[in-house]
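**Student:** Sequence:
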Amino acid sequence: MDEHKQSRVLRAQLRELYEDSIDAVKFGLLTDEIHTQIDLLTAELSELEQFKNEEYEELESPKPSG
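Start counting the sequence shown at 1; every next residue gets the next number (the working numbering).
Just so you know, these hints were derived from the structure itself, not from any lab.
Glycine included, C-beta positions come from ideal geometry on N, C-alpha and C.
Every clue listed holds true.
Just the calculated beta-carbon pair ranges, DEER-fashion:
{"hint": "1", "residue 1": "A12", "residue 2": "F51", "range": "18 to 24 Å"}
{"hint": "2", "residue 1": "D23", "residue 2": "K52", "range": "29 to 35 Å"}
{"hint": "3", "residue 1": "M1", "residue 2": "A24", "range": "25 to 31 Å"}
{"hint": "4", "residue 1": "Q13", "residue 2": "F51", "range": "17 to 23 Å"}
The task is simple: from the sequences and hints, build the whole structure.
**Tutor:** Shown next as structure tokens:
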């Protein structure tokens with residue numbers, strides 16, 4: 001799966017987890033496990049975004065002449 005699709009999948013999963021967290025709070029349930037999953041997915045998304053940014057910067061860098 002390419003980075004763009006993977007990023008969208010991770011973002012969708014995070015949205016679902018945030019909704020689950022809101023529902024859990026509303027019904028008085030524990031949210032520790034949900035927040036752990038959110039932290040893991042957020043870290044994974046951050047790494048992916050950093051990798052994508054580094055790739056983009058390499059494409060934008062001027063090529064040495066000569």
